[in-house]
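Which chain is which? The protein sequence lines are A, B, C and D, in order.
Positions 516 to 826 (this note's numbering) are the ones given, in order, by the first sequence.
Positions 516 to 826 (this note's numbering) are the ones given, in order, by the second sequence.
Positions 516 to 826 (this note's numbering) are the ones given, in order, by the third sequence.
Positions 516 to 826 (this note's numbering) are the ones given, in order, by the fourth sequence.
Wrong hints could be hidden among the right ones.
Which copy is meant is left open, so a pair is good if it fits within one copy or across any two.
[Unchecked claim] Heads up, simulated DSS-like pairs for lysine-lysine below, C-alpha to C-alpha not over 25 Å straight-line:
| # | residue 1 | residue 2 |
| --- | --- | --- |
| 1 | 757 | 792 |
| 2 | 807 | 757 |
| 3 | 692 | 720 |
| 4 | 797 | 778 |
| 5 | 575 | 609 |
| 6 | 584 | 807 |
| 7 | 757 | 584 |
| 8 | 807 | 778 |
| 9 | 792 | 615 |
| 10 | 575 | 757 |
Calculated directly from the structure, the hints in this document are not laboratory data.
What follows is the residue order along each chain.
There are 4 protein chains.
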Amino acid sequence: MHYVARINSFMDAQHTTTSEAIRRIGAAGIADCVDINYPEHFECDSEEAIRNALTANHLKLHAMNMRFKHPFLRGVYTNPSERLRNEAVEMTQKAAEICKRLGGRLVIIWLSFDGYDYSFQMDYEASWQLLVDAFRAVCTDETLQYAIEYKPYEERGYALLDTFGTTCSLIRDTGLKNLGVVIDFCHMLMKKENPAFAASYLLSKGLLYGVHLNDGEGWTDNGLMVGMSNPWKTLELLYYLKRAGYDATIYFDTFPIREDAEKEFAANRSMFERMWKLLDEKAMAAIQEAMKAQDAMMVNRVFQSVLSGGS
Amino acid sequence: MHYVARINSFMDAQHTTTSEAIRRIGAAGIADCVDINYPEHFECDSEEAIRNALTANHLKLHAMNMRFKHPFLRGVYTNPSERLRNEAVEMTQKAAEICKRLGGRLVIIWLSFDGYDYSFQMDYEASWQLLVDAFRAVCTDETLQYAIEYKPYEERGYALLDTFGTTCSLIRDTGLKNLGVVIDFCHMLMKKENPAFAASYLLSKGLLYGVHLNDGEGWTDNGLMVGMSNPWKTLELLYYLKRAGYDATIYFDTFPIREDAEKEFAANRSMFERMWKLLDEKAMAAIQEAMKAQDAMMVNRVFQSVLSGGS
Amino acid sequence: MHYVARINSFMDAQHTTTSEAIRRIGAAGIADCVDINYPEHFECDSEEAIRNALTANHLKLHAMNMRFKHPFLRGVYTNPSERLRNEAVEMTQKAAEICKRLGGRLVIIWLSFDGYDYSFQMDYEASWQLLVDAFRAVCTDETLQYAIEYKPYEERGYALLDTFGTTCSLIRDTGLKNLGVVIDFCHMLMKKENPAFAASYLLSKGLLYGVHLNDGEGWTDNGLMVGMSNPWKTLELLYYLKRAGYDATIYFDTFPIREDAEKEFAANRSMFERMWKLLDEKAMAAIQEAMKAQDAMMVNRVFQSVLSGGS
Amino acid sequence: MHYVARINSFMDAQHTTTSEAIRRIGAAGIADCVDINYPEHFECDSEEAIRNALTANHLKLHAMNMRFKHPFLRGVYTNPSERLRNEAVEMTQKAAEICKRLGGRLVIIWLSFDGYDYSFQMDYEASWQLLVDAFRAVCTDETLQYAIEYKPYEERGYALLDTFGTTCSLIRDTGLKNLGVVIDFCHMLMKKENPAFAASYLLSKGLLYGVHLNDGEGWTDNGLMVGMSNPWKTLELLYYLKRAGYDATIYFDTFPIREDAEKEFAANRSMFERMWKLLDEKAMAAIQEAMKAQDAMMVNRVFQSVLSGGS
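Please construct the entire structure, taking both the sequences and the accompanying hints into account.
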């Protein structure tokens, strides 16, 4: 498994540059790659400086994350202004080019402001068509993968792409073959989506391009450390990843606001590896058996065993 | 617009037969059609008796609603027992035949127990395939329409078909042309789905086979009277129906536990018609303009105008 | 710790009598006491028959649970009819007398229908006063304890007594010294209440008269087995019980609809005891230290240790 | 009724000073008073400059709102550091003095960071005692009113003071006579609290010191314009205010991120006044009658009448 570090965890407090955050991540020796936000992380550093920092610290670029901010307050691909819609598409295309030049193969698109706050504020049918058109205009480089990271709400009261089902409906409507999904554990809990269920479907369709792991209390994007609120749901997600032979990357999308970033990353990785290891051959077989019988008592034995360290 | 009455509203308290409930609905002169639950409503009355009651009371059968009960406690189309899975498919086929014989053209399928209560209780990938297979086995009569009525949870802690997006994903996976969706306002609110958004998508794909109208407080299936909790969301749903020229049926899926069934039906119908009328040409134009500009201030003017009776 | 069995878990499927359910519980040898619902469990059996069954099976009556049903559809202590309000109070008084005669010391009152479904359906100030008056009329036997089991909604869309804070406000308004609270883990999750927080407050005021343990997914009253969804929140609740020297009873309020009642009870008890044991001196000290520093990293170490069986 | 403007609505976009925001509010002639955040709004302007701006624009200071920011990331009155806890109390005392000097009589305290993100992160009993002690230390000026503005979560995953019931429990534990509550409509919806119910209780106890009006979709602090999502719940809240003769102030706590602040304020005020007016003698009597009978059909007639402009 490859572990991806979140630049902002190593940046926010100290107001460091992107290169400095990369240096901190490299020095900690805890991750294989980083994701970089576009254009956010290029505001304080040049492409060249970031490339050098990656090389010097033996880190790879995993993905470019689109971060549409202030000018897109009223919408990204569905902005009422045609000029801003075009600008959003062009920004994504430019990010894809930089991503490729820096050795990345994945562009992750979170459509922060594509949604609405009020009933009657948006023509859903027209807006949906704008989304279809925009993704077709964006996903033109067949050597790259593009992924939608959906989130049910926030920044807006309602997002258009809010669940795995809505997102899959959009992907099918575009007919694109290099557009998939990055799931975020916390986002899924916000609307009571079961992460393992969504992952199972996306894996079966070859649409799971990445996993943002964290934990949450539902309703809001808590960004808690892995396994700290919903260990069983986390374990179930890992089961489906393991079963499907998922060998892409795990990105810890957690917010160490009150914690030391290096230690917090290490705790996430350690919890993840502990859980991955709990899913040994014996556990996988016991789970498979419980699922076949749809028997809650068998699940109970698995959980009680885990709370004894797998013995 | 055709209005469909809910048999159980006219039945529960008095433990009447199906025919007697039909008689009450006919006598009240408030609905054009009824939906009948299978097998529930045939337990106390024969097909013949129900046919006679419909004819005598000038009511048509609109749809047959599947009600899978006790023997399917552990699952309907995804029951761990192959025998029970087959039985569920056969029951649906039999309901479709009776539906046709009684003059109905729609079979509504709510998969009450197809879900899970615990993590690891169900193999999602295998269960999804069972759903695909079952619907292919069920939807064989091309002269009929079959519709999924999704509900995010209850009877089980999580349902497999929980949102319009998941349901559309299933429908596409089946490849069927006569399988669509019946939306239920209250079910949609349970997981913070915006009914108008879902309706807009389903209408644009020709997949909206029916509307169950009611109101709710979210989280649970309240079955409140129309417009009593979320008038703006109701009005927005009606806007999309009106704009799309939806002329099928409105079924009031409300639970008059403490109210007189006839008066409660009349109140639902009256509220619906009042709102439908509020959406006159002027209002439709004002809404269209607000949507185009995505301007909340314009929406505010529409709502303030409505609170003055459209003046 | 004393374990209390739920009669209905041993009753529903087979339509047994109360005495037969008590016999099953006795034969399983898993519980010390039972709670009995009034008037529900006296509908198929006399007080005498129940007393004999308890004695013969070496089980004690722990508490009498009020179950207000059909005639109170429009309200219990806040019913619009004065006659029914008085009847509800008298029923509670009668239940208290029977409770005492059968050796119980606790009357648990869940006000199922005291709430509302619609805005403007209830005069909250007047209804609150009715609650205050009713509890003052009910809690007259100073040798007994009376406890409110709150639930945020269901049967009604909104309950008047929905959280520990509202319930404590009511208790203080009554000025009663023998009126406390029974918490139900699942009910608390329905409105995102943290069980340990509520328990901590109630324990500090001497108001925690009982604990209904189970687990849930929030939003609805799932009645899942202990520890199967929220093990950390369960462990935290147990921590506060242990710290406060709580030595009353644990009632497993779970719904073994698809499970064997005996095995399900045993799984609840085993999970509870496992967790209670995980909270050994070392763990209690580590938790105390984490709390003092309010340090999430220390909590992480506790959880990772638990997932290794406390080693 | 007095209307209070929110400084930040007139400030955020242009990065104006506090005085300039006050000037904009004055020029618009829409509000009688303003609330000022401490220390936030004194960071770019002196007390003197603010006093002059108020005088010049014929605006009064209604309340001082505490805004505890970065240094209190780990807690305000319950911070693990005794030094920071003391600092928070002293800041509140200082804000109270300035409030008084500027002619205000109310200090509103929102304890942004007093809560927790993880199970076991906080000792609830000890933290509660810290809250009690802090409020006793703070509310020493008997000529002033102090009010808690509770919010169920955000900034932290869980707040200690999350509902009206919890907040009332705290107030009673302090024994203070000048400590009350300011309710925020949106905050209440976040955990499915019914604003009118909470207001009714607080009014009956003389504890409702202020109202922050807005609207929301639940779960998150949307800050929508008044009446745009839950008109019936808004109307019900207004009913209780009117009935109780509430004549304090209405503060519109809405976030005009995409709207013109002046127009947005006007829309809130116009909607409020429209609704206040809809509650004429006839409507008040009809509501009273519906409440007395607890009859949903009567409520339905009230709502249908409102949708016809009260005719």
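Checked hints:
no., hint, verdict
1, 757 x 792, "within (10 Å within a copy, 31 Å between copies)"
2, 807 x 757, "within (18 Å within a copy, 38 Å between copies)"
3, 692 x 720, "both (11 Å within a copy, 21 Å between copies)"
4, 797 x 778, "between (31 Å within a copy, 23 Å between copies)"
5, 575 x 609, "within (19 Å within a copy, 51 Å between copies)"
6, 584 x 807, "between (47 Å within a copy, 22 Å between copies)"
7, 757 x 584, "neither (36 Å within a copy, 36 Å between copies)"
8, 807 x 778, "between (40 Å within a copy, 19 Å between copies)"
9, 792 x 615, "neither (34 Å within a copy, 54 Å between copies)"
10, 575 x 757, "within (24 Å within a copy, 49 Å between copies)"
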